[in-house]
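Q: Using the hints, position chain W against chain S.
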Amino acid sequence: MNLVVLAGILGVVMMFTGLLVKQLRVVSGIAAAGLCVLFISNLWELYHAPFFTLPESSMLATTRFGLLINQILLLAGILYVVLFGRHIQVVGKHVADYYALIFFVYAGIGISTSYTNLLMLFLGIEIMSIPLYILTGSDKRNLKSNEAALKYFLMGSFSTGIMLMGIALIYGATGSFNVASMNTQLSFNLIVGILLLLISMSFKVSAAPFHFWTPDVYDGAPTAFTAFMATIVKVAAFAAFIHLFEGSFEMLNRKWQLLIAIIIACTLLVGNITAVFQQSVKRMLAYSSIAQAGFMMFALFAFNDASREGIVLYGAAYCLATLGLFAVLIKMEDYTFDGFNGLAKSQPLLAGVSTVFLLSLAGIPLTLGFFSKYYMVSAALSTGGKYLWLFVLAMLCAAISVYYYFRVIQAMYFKPLGGVPGTSTSLTTSTTRAFNYTLLVMALLVILLGLQPQLLLQFLYF
Amino acid sequence: MPIHYYIYQACVLFSIGVAGVLTRRNAIIIFMCIELMLNSVNLLLVAFSKLHYARAVAAGAAPTTGTEAQLFVFFIMVVAAAEVSVGLAIIVMMYRNVHNVDINFLNRLKH
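So the sequences go chain by chain: S and W.
Residue numbers for the first sequence follow this note's numbering, so the first one is 514 and each next one is one higher.
Residue numbers for the second sequence follow this note's numbering, so the first one is 2 and each next one is one higher.
Just chain W, same shape as in the assembly:
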């Protein structure tokens, strides 16, 4: 398959994520949309890794090209997991106090 398909799909997923973050009001859903953004990046990185690998092989260079992007994906997963644990803890803490996860409740600091 041509690389374009992967790039377009990753861009669409990323845009869905951004749109969700900007329009939804439920903290958990916003959080899911952020995860979607991160995962679209993972997909894109793997696609680019494959692209650069194919280019390097065609040019006769070392076939290890492209491995760093796949390593990067693992780092993103690890960091995303760390973020999930912290983020869910914050949302639970919020829920305990106001019994709601709607971000429209977040207006105490405005006044």
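Here chain S stands alone, though its shape is the one from the complex:
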């Protein structure tokens, strides 16, 4: 609850900051401080009472799982501001407004990790999405950014319409907006409603076959904001997705697993196979985010304690690695694979940390990515071996993903500097010391949690 209220207040504060403070560095500093406040207040709520209490029958109820997801996303947010602060400043003139929108997104995240009512689900998802439409189009002179914003907006509000239809039909069947009330006898209205909700949430987390907007939007948006929505917002949408169907799982069980298995298979295949053919690393990361969403969908397949642990680990692994990779990418002059040629010679630190992040995304042991994939798949396996083909497919797709992740490593370490004419490994802006240390800390965190995932999971229980 702290997160929702404080993030809303801080968003308004940031808007006034834009009027009163002119130095851009100060604005970034205030935003980072605000995120630290949110981080501490959320941590306080995890162990003590929240500052703002709600009556028992309210539409929001925080759970430990939701608070831990918030905590991870807030940590990722602080890292995000430190890494991307200078790049947010060059996107446009209204830097404080961008930060204000980011705070509003956090308010939406707070709602969508703790709702108990479909009304709050709708509001949370919308509060997360509407600021993102603006952030996507924030580079106003750039046609690609315009196009991405319009596409994202049309697709996003279309899926909102579908979600609302689903909610209305569920209400018609059960007479209540409570998430728990979905767990009743199935009727026609209820089935159609749940399917429509499933479709619209798949839109939001970009699971195939509803992923079409993802590559274009991620490619067209300013890279600083792509990094934000590809990591933090996506994990929050997953938390909402899982929370939505957690209670009603028992009565859905059989048919449900087949449906989710089909979505997972499509998502894994489309994401991984298309990623292989990309020339631009930014676009490759967009498809890789679809592929990673396929693995996160295993949590919806299983719904047990292990899958909860899995989604916490996966969220952390995916956020850290993808944020780090985008931070390296945004420094590059050339976004193609050739642009990375010989990076290990000119920028050994950047090459080293991005290798760690790529290994984590590919799921190589000793990194957090390995354990997150392991938890996900083993949680799904423990529900019974009925869908063995799905697990074989997941392993094959993980093997495919190694190919395109290692292409970047190969370019960095084994290709000569400037080997291809017309490309350069020069950086657009030099790296600051804070930037380098943050990346280093993130890489170490990926390895440390990869060795000891319990360090993160203990927060779920103690």
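Please keep in mind that the hints were generated in silico from the structure rather than gathered at the bench.
Treat each hint with caution, since some may be false.
As the list claims (entries may be wrong) - Derived CB-CB ranges, DEER-like:
{"hint": "1", "chain 1": "W", "residue 1": "GLN10", "chain 2": "S", "residue 2": "VAL789", "range": "42 to 50 Å"}
{"hint": "2", "chain 1": "S", "residue 1": "LEU708", "chain 2": "W", "residue 2": "ASP103", "range": "26 to 34 Å"}
{"hint": "3", "chain 1": "S", "residue 1": "PHE529", "chain 2": "W", "residue 2": "SER86", "range": "19 to 27 Å"}
{"hint": "4", "chain 1": "W", "residue 1": "VAL99", "chain 2": "S", "residue 2": "THR566", "range": "49 to 57 Å"}
The C-beta atom is built at its ideal place from N, Cα and C for all residues, glycine as well.
A: Here is chain W on its own, set in the frame of chain S:
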């Protein structure tokens, strides 16, 4: 009137909206179709609210049943208004740059 009429009408309006989004090429018209989808949901929610109210009264339960759906309608209106303001701003921004609102122009990201 039986509840079916409202449900069918809402479904028809919703389908018109979906069909419009999928087939039309003008960004403003697509946008209108999305609004149509949202409003068909409003209609459906009010109809269901009335249905559950009638059922609750017949069963002798509290007559406040069904109010939450009507509240939901107001929330949808507010969110739809917020979406309109953002969406029209994006369309205007697009128009300033390419002097067109046809979404066939949206192909720069494909290559």
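Q: Decide, hint by hint, whether the structure agrees.
A: Checked hints:
no.	hint	verdict
1	W/GLN10 / S/VAL789: 42 to 50 Å	48 Å, holds
2	S/LEU708 / W/ASP103: 26 to 34 Å	32 Å, holds
3	S/PHE529 / W/SER86: 19 to 27 Å	21 Å, holds
4	W/VAL99 / S/THR566: 49 to 57 Å	51 Å, holds
When each numbered hint is compared with the structure, no violation occurs for any of them.
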